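Colleague: Sequence:
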Amino acid sequence: MAMWIQAQQLQGDALHQMQALYGQHFPIEVRHYLAQWIESQPWDSVDLDNPGEEAKAKRLLDNLVAELQKKAQVQGGEDGFLLKIKLGHLASQFKSTYDRCPFELVRCIKHILQSEQRLVQEATNASSGGGGQAMDTLSQRHQQINQAFEELRLATQETENELRKLQHSQEYFIIQYQENLRIQAQLSSLSSVPPAERTQREAALQSKRATVEAWLAREASTLQKYRLDLADQHQKTLGLLRKQQTLILDEELIQWKRRQQLAGNGGPHEGGLDVLQSWCEKLADLIWQNRQQIRRCEHLTQQLPLPGSIEELLTKLNADITDIISALVTSTFIIEKQPPQVLKTQTKFAATVRLLVGGKLNVHMNPPQVKAVIVSEQQAKALLKNESTHR
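All the letters of the sequence shown, read from the start, carry residue numbers 1 to 391 under the working numbering.
No lab work stands behind these hints, which were simulated from the structure alone.
As the structure is a computational prediction, the values presented were derived from the model and not from experiment.
The C-beta atom is built at its ideal place from N, Cα and C for all residues, glycine as well.
Heads up, some of the hints might be wrong.
Label-pair distances were calculated between CB atoms; the ranges are [unchecked claim]:
{"no.": "1", "residue 1": "R118", "residue 2": "N318", "range": "19 to 27 Å"}
{"no.": "2", "residue 1": "L306", "residue 2": "Y22", "range": "36 to 44 Å"}
{"no.": "3", "residue 1": "R153", "residue 2": "P42", "range": "30 to 38 Å"}
{"no.": "4", "residue 1": "K243", "residue 2": "N318", "range": "18 to 26 Å"}
{"no.": "5", "residue 1": "S169", "residue 2": "T211", "range": "17 to 25 Å"}
Derived pair list, reagent style DSBU-like, types lysine-lysine, alpha-carbon separation capped at 35 Å [what the hints assert, rightly or not]:
{"no.": "6", "residue 1": "K208", "residue 2": "K243"}
{"no.": "7", "residue 1": "K58", "residue 2": "K348"}
{"no.": "8", "residue 1": "K58", "residue 2": "K71"}
{"no.": "9", "residue 1": "K110", "residue 2": "K86"}
{"no.": "10", "residue 1": "K381", "residue 2": "K371"}
{"no.": "11", "residue 1": "K385", "residue 2": "K371"}
{"no.": "12", "residue 1": "K165", "residue 2": "K243"}
{"no.": "13", "residue 1": "K243", "residue 2": "K385"}
{"no.": "14", "residue 1": "K84", "residue 2": "K70"}
{"no.": "15", "residue 1": "K236", "residue 2": "K316"}
{"no.": "16", "residue 1": "K225", "residue 2": "K236"}
{"no.": "17", "residue 1": "K381", "residue 2": "K348"}
{"no.": "18", "residue 1": "K316", "residue 2": "K337"}
{"no.": "19", "residue 1": "K110", "residue 2": "K165"}
{"no.": "20", "residue 1": "K381", "residue 2": "K58"}
{"no.": "21", "residue 1": "K71", "residue 2": "K56"}
{"no.": "22", "residue 1": "K348", "residue 2": "K385"}
{"no.": "23", "residue 1": "K225", "residue 2": "K208"}
{"no.": "24", "residue 1": "K371", "residue 2": "K257"}
{"no.": "25", "residue 1": "K348", "residue 2": "K337"}
{"no.": "26", "residue 1": "K257", "residue 2": "K208"}
{"no.": "27", "residue 1": "K225", "residue 2": "K257"}
{"no.": "28", "residue 1": "K257", "residue 2": "K84"}
{"no.": "29", "residue 1": "K348", "residue 2": "K56"}
{"no.": "30", "residue 1": "K86", "residue 2": "K56"}
{"no.": "31", "residue 1": "K84", "residue 2": "K95"}
{"no.": "32", "residue 1": "K56", "residue 2": "K110"}
{"no.": "33", "residue 1": "K316", "residue 2": "K348"}
{"no.": "34", "residue 1": "K84", "residue 2": "K243"}
{"no.": "35", "residue 1": "K110", "residue 2": "K58"}
{"no.": "36", "residue 1": "K243", "residue 2": "K371"}
{"no.": "37", "residue 1": "K257", "residue 2": "K385"}
Let's have the full structure, built from the sequences with the hints guiding it.
Modeller: Below you can see the structure in the form of structure tokens.
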């Protein structure tokens, strides 16, 4: 409980980083209402690399679900009604999400608690005057990245809203198009109607058809403009995503790898990956949302083809965002703990790999299967040469 109280007192960039730890995978409400219970559980005692400890992780999951249900049951009164429903829903959500992979819950909570502890410690050090100019520069860089994420979030939300408007407009267009077909069918059936009645009804139907067809012509142009405008917005968002990805992968992650190399040669410790992971997961989530939006645009275009070049634009957008997410996944698969720089013959060693976007992309796709192969220095050089040749 003490850690959560301190975490709630964080300010500025540290507070944003703390809030970024939470999401659908672990809602912040669970952390708040079960703070004391969460901090008292032996999460660190679970060895995530030992399949035999899955039963221990499963017990922790079952206990967490039980605590949520218990917390929901004690809520009373008018103010507690919605909270009771919310906590009950979260209990069911945790059960369905983590029942088959309890290790993921333990990994998630360990990551959150370690990150909170680091943020609180950094804030404490900064307040005591230990930060200095380097800390200010780091804070400014982090603030720049977080501001860019907010800009991306707003842009993605805006295109989502525009996409929904486009979908509703297209649905109404299809209804009116079907109405026009119905009018044409009625006109065709007038041959069996007596001449006097036919003339009167035909005039009314012709007038109605002219009105509907004029509306369809105008609306078709409007829909095509909506589609082009939305594609242009997605193109701008992709530019922002590329810029943010370059900043995180080509600057922040490369700096971490450099510090890791120095640490292997006796330099200072390279620092944690938690902030980088939270950024990479945010990036993955935003890329995936935009990718889904572009695919929905393609579906709408296929559902109602209209003259124009929108199909080519969407095909290019889809290819571009696929390249972006591919680059993110391949660049964020890293060696977190390197083996010693010098190894004796017949000596065992350990290394730890980490996928910095795993927490988000695992929601949308199957987790990657990793196979490790030991190669000689000569083989490694040959692989790098072959890779550069195929670029």
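Colleague: None of the hints should be skipped; say for each whether it holds.
Modeller: Going down the list of hints, with the structure as the test:
no. : hint                       : result
1   : R118 with N318: 19 to 27 Å : 38 Å, violated
2   : L306 with Y22: 36 to 44 Å  : 42 Å, holds
3   : R153 with P42: 30 to 38 Å  : 36 Å, holds
4   : K243 with N318: 18 to 26 Å : 20 Å, holds
5   : S169 with T211: 17 to 25 Å : 18 Å, holds
6   : K208 with K243             : 52 Å, violated
7   : K58 with K348              : 32 Å, holds
8   : K58 with K71               : 20 Å, holds
9   : K110 with K86              : 24 Å, holds
10  : K381 with K371             : 19 Å, holds
11  : K385 with K371             : 21 Å, holds
12  : K165 with K243             : 28 Å, holds
13  : K243 with K385             : 28 Å, holds
14  : K84 with K70               : 10 Å, holds
15  : K236 with K316             : 13 Å, holds
16  : K225 with K236             : 17 Å, holds
17  : K381 with K348             : 23 Å, holds
18  : K316 with K337             : 38 Å, violated
19  : K110 with K165             : 41 Å, violated
20  : K381 with K58              : 44 Å, violated
21  : K71 with K56               : 23 Å, holds
22  : K348 with K385             : 28 Å, holds
23  : K225 with K208             : 26 Å, holds
24  : K371 with K257             : 22 Å, holds
25  : K348 with K337             : 15 Å, holds
26  : K257 with K208             : 70 Å, violated
27  : K225 with K257             : 46 Å, violated
28  : K257 with K84              : 46 Å, violated
29  : K348 with K56              : 28 Å, holds
30  : K86 with K56               : 27 Å, holds
31  : K84 with K95               : 17 Å, holds
32  : K56 with K110              : 14 Å, holds
33  : K316 with K348             : 48 Å, violated
34  : K84 with K243              : 43 Å, violated
35  : K110 with K58              : 15 Å, holds
36  : K243 with K371             : 32 Å, holds
37  : K257 with K385             : 21 Å, holds
Checked against the numbered hints above, the structure breaks hints 1, 6, 18, 19, 20, 26, 27, 28, 33, 34 and satisfies the rest.
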